[in-house]
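**Q** Dock chain B against the given chain A, drawing on the hints supplied.
So the sequence lines, in the order shown, correspond to chains A and B.
When we follow the numbering used here, the leftmost residue of the first sequence carries the number 1, and every step to the right adds one.
When we follow the numbering used here, the leftmost residue of the second sequence carries the number 1, and every step to the right adds one.
There could be a bad hint or two in this list.
Which residues of chain B face chain A? A few of them, derived with a C-beta cut under 10 angstroms, are [claimed, not checked]: (1) I21; (2) A25; (3) E49; (4) S139; (5) D173.
It should be emphasised that the hints constitute simulated quantities derived from the structure, not laboratory data.
Idealized CB from N, CA, C, for every residue including glycine.
Below, each chain spelled out in residue letters.
There are 2 protein chains.
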Amino acid sequence: MSENKKTSLENIGEFGLIERITAKATTNRSSTIYGVGDDAAVLRKNDKEVTLISTDMLVEGVHFNLMYTPLKHLGYKSVVVNLSDICAMNGVPEQVTVSIAVSSRFPKEAIEELYEGVHKACDIYNVDLVGGDTTSSLSGLTISVTAVGSALKDNVTYRNNGSENELLVVTGDLGAAYMGLQVLEREKSVYKANPKIQPDLDGYDYLLERQLKPEARKDVVEFLKDLKIVPTTMIDISDGLASELFHLCTQSGVGAQVYDEKFPIDPKVSTTALDFNVDPATCVLNGGEDYELLFSIKQEDFDKMKGNPHMTVIGHFTSKDSGIYMIDKQGAAIQLKAQGWNHFQEGGGDEKDDQ
Amino acid sequence: MSENKKTSLENIGEFGLIERITAKATTNRSSTIYGVGDDAAVLRKNDKEVTLISTDMLVEGVHFNLMYTPLKHLGYKSVVVNLSDICAMNGVPEQVTVSIAVSSRFPKEAIEELYEGVHKACDIYNVDLVGGDTTSSLSGLTISVTAVGSALKDNVTYRNNGSENELLVVTGDLGAAYMGLQVLEREKSVYKANPKIQPDLDGYDYLLERQLKPEARKDVVEFLKDLKIVPTTMIDISDGLASELFHLCTQSGVGAQVYDEKFPIDPKVSTTALDFNVDPATCVLNGGEDYELLFSIKQEDFDKMKGNPHMTVIGHFTSKDSGIYMIDKQGAAIQLKAQGWNHFQEGGGDEKDDQ
Numbered sequence: 001m002s003e004n005k006k007t008s009l010e011n012i013g014e015f016g017l018i019e020r021i022t023a024k025a026t027t028n029r030s031s032t033i034y035g036v037g038d039d040a041a042v043l044r045k046n047d048k049e050v051t052l053i054s055t056d057m058l059v060e061g062v063h064f065n066l067m068y069t070p071l072k073h074l075g076y077k078s079v080v081v082n083l084s085d086i087c088a089m090n091g092v093p094e095q096v097t098v099s100i101a102v103s104s105r106f107p108k109e110a111i112e113e114l115y116e117g118v119h120k121a122c123d124i125y126n127v128d129l130v131g132g133d134t135t136s137s138l139s140g141l142t143i144s145v146t147a148v149g150s151a152l153k154d155n156v157t158y159r160n161n162g163s164e165n166e167l168l169v170v171t172g173d174l175g176a177a178y179m180g181l182q183v184l185e186r187e188k189s190v191y192k193a194n195p196k197i198q199p200d201l202d203g204y205d206y207l208l209e210r211q212l213k214p215e216a217r218k219d220v221v222e223f224l225k226d227l228k229i230v231p232t233t234m235i236d237i238s239d240g241l242a243s244e245l246f247h248l249c250t251q252s253g254v255g256a257q258v259y260d261e262k263f264p265i266d267p268k269v270s271t272t273a274l275d276f277n278v279d280p281a282t283c284v285l286n287g288g289e290d291y292e293l294l295f296s297i298k299q300e301d302f303d304k305m306k307g308n309p310h311m312t313v314i315g316h317f318t319s320k321d322s323g324i325y326m327i328d329k330q331g332a333a334i335q336l337k338a339q340g341w342n343h344f345q346e347g348g349g350d351e352k353d354d355q
Numbered sequence: 001m002s003e004n005k006k007t008s009l010e011n012i013g014e015f016g017l018i019e020r021i022t023a024k025a026t027t028n029r030s031s032t033i034y035g036v037g038d039d040a041a042v043l044r045k046n047d048k049e050v051t052l053i054s055t056d057m058l059v060e061g062v063h064f065n066l067m068y069t070p071l072k073h074l075g076y077k078s079v080v081v082n083l084s085d086i087c088a089m090n091g092v093p094e095q096v097t098v099s100i101a102v103s104s105r106f107p108k109e110a111i112e113e114l115y116e117g118v119h120k121a122c123d124i125y126n127v128d129l130v131g132g133d134t135t136s137s138l139s140g141l142t143i144s145v146t147a148v149g150s151a152l153k154d155n156v157t158y159r160n161n162g163s164e165n166e167l168l169v170v171t172g173d174l175g176a177a178y179m180g181l182q183v184l185e186r187e188k189s190v191y192k193a194n195p196k197i198q199p200d201l202d203g204y205d206y207l208l209e210r211q212l213k214p215e216a217r218k219d220v221v222e223f224l225k226d227l228k229i230v231p232t233t234m235i236d237i238s239d240g241l242a243s244e245l246f247h248l249c250t251q252s253g254v255g256a257q258v259y260d261e262k263f264p265i266d267p268k269v270s271t272t273a274l275d276f277n278v279d280p281a282t283c284v285l286n287g288g289e290d291y292e293l294l295f296s297i298k299q300e301d302f303d304k305m306k307g308n309p310h311m312t313v314i315g316h317f318t319s320k321d322s323g324i325y326m327i328d329k330q331g332a333a334i335q336l337k338a339q340g341w342n343h344f345q346e347g348g349g350d351e352k353d354d355q
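In isolation and in its complexed conformation, chain A is listed as follows (with noise of 0.2 angstroms):
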């Protein structure tokens, strides 16, 4: 390695960096049927279905913070998000295993309270957990998480495969997991200036769990088996919409129209982000950790969704040239950019480009 013209890790994101290390991931065995690039891999098992594989990485200081995430809710958060990607293959999680690097600091009373959240995860998934590694590490927590999943070969829903004029719809609400962060960061700041004032967390309650105890929306995936609706396109929303969106307009060659009245979010993220001058619309695209699900389907499956309580359409894919848009309440059309966490710089965030 060279030491003179060093490239710093900031300068690049973690898109870069992993666009650089993945354009030598060549496929090579004939068991991988798509490796990396999306929410997981997709793997050969019979002549029916596939294996899909997801992994993440969550270490303390970056992706969380001991002194406001209970150990238990971190156990139980580390195993949902991977099984959240395996929801966003349209499929089903089976397995996990989950892996700690910790330093002497922690009793193992902690790592106990740890493993309570991801059994806790696993009896609520229906998920096994089926081996991992634990190690010492020189300072700090580390957990790494692989999930495995099954899905029907015909009914996987990758990034790339959306076409023009198909519906854009979101689960769930959003924002809600990123001002849960805020609120937590500023009770943080209040407690350290002065660690006699206990944190005002009263009415916060929502936001709170949604950042601090997430759910996959493996719900959703039965929803759309029992609808008999098989996305075209589909994403987990764990970075914030704009970069999820721009995630499936790339890797599908297309653009898109989001209509900002049409987001979903909850009053009470509406009232915190007023609170905290914040646009709500901002939390949406930007916010992330929500892990709902984004996806696209084609015009004549709106019927089969339509009043589906889960599920809300914001807009739909256009032109590639047409560019990829926000239109604000009073018609303006915004270029969205994808504005996805890069925690190199931040030191926040949860920013994930394939499994």
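**A** Quick look at chain B alone, frame taken from chain A:
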């Protein structure tokens, strides 16, 4: 978590911690054939085959020291140690995911160098890199790899299927990786004491390569297939022969006798061990990181492998009550202890109890 009676991790060691954690890891899904407790988890694939999943975490300062570990070798080794787990199940590795957490101290060129090693291992072992995660860390480098493989359902080699009188076989030679580490540590101490003295690594090529760039015995899996031998048990030697022998005996409910004069030891290991005042047999028993395979075969299979230069019979399983013994060159029976590395205490080694 009670603050009163915390138990430090040093007092439990990894095996104790894993036992506590995995006690709750029940398997509920029909697709889980075998969960925690072997080299890899075994999942249902199709009528003939199973999917194997294994994962490992490598932490800077615990599993590797960048003062003497080239990043390319580190990337290579991170993949290989996981492929070794798939081989230990008598399977063929097919895919890996590689996740890294890096601090800003690493320029992008360093990460690219690490991935050069990852890609090299993938090329050599015909394995596809299908995913991963890249993230920042507050300090140091952590690598987490998950390997996926497949095996014929009837040919999977578990740890718990051994019986009295079966022969114990090891592949290759043992102790070299450990002696390689000793040489590197010695030169590091010399360099720290006086940075002007150049490290003297001449003549230690074999030991250093075994430590820094180990190989997985994928070839042995192929030999066994060609020889039509399905071992009754198999495990990879990551923590030293004694520790692995204990796993096989404990999980199979048998005892064992191994003969120190049978241990395959490279002459360079013997001479270097003498320089370091260590018994070569101790390197074999407690050294670890050779990533050779230890397996058991039925006596009637012995003729099939007789004369194969890659495999050495070192002893046999006995009854459980007979215990686990090494017979030394003088005929004395020495009771063995499972001295795998406890890296919560020692901050070194690479201990694994499960996938």
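**Q** Hint by hint, note whether the structure agrees.
**A** Here is how each hint holds up against the structure:
1. Annotation: interface hint on I21(B) holds; nearest CB of chain A at approximately 5 angstroms, less than 10 angstroms.
2. With a least beta-carbon distance of about 4 angstroms to chain A, the hint placing A25(B) at the interface is held under the 10 angstroms criterion.
3. Proximity of E49(B) to chain A holds as hinted, the smallest CB-CB distance being about 9 angstroms (cut-off 10 angstroms).
4. The beta carbon of S139(B) is positioned within 10 angstroms of a beta carbon in chain A (closest approach about 6 angstroms), and the interface hint is therefore held.
5. Nearest Cβ of chain A to the Cβ of D173(B): about 26 angstroms, over the 10 angstroms cut. The hint is violated.
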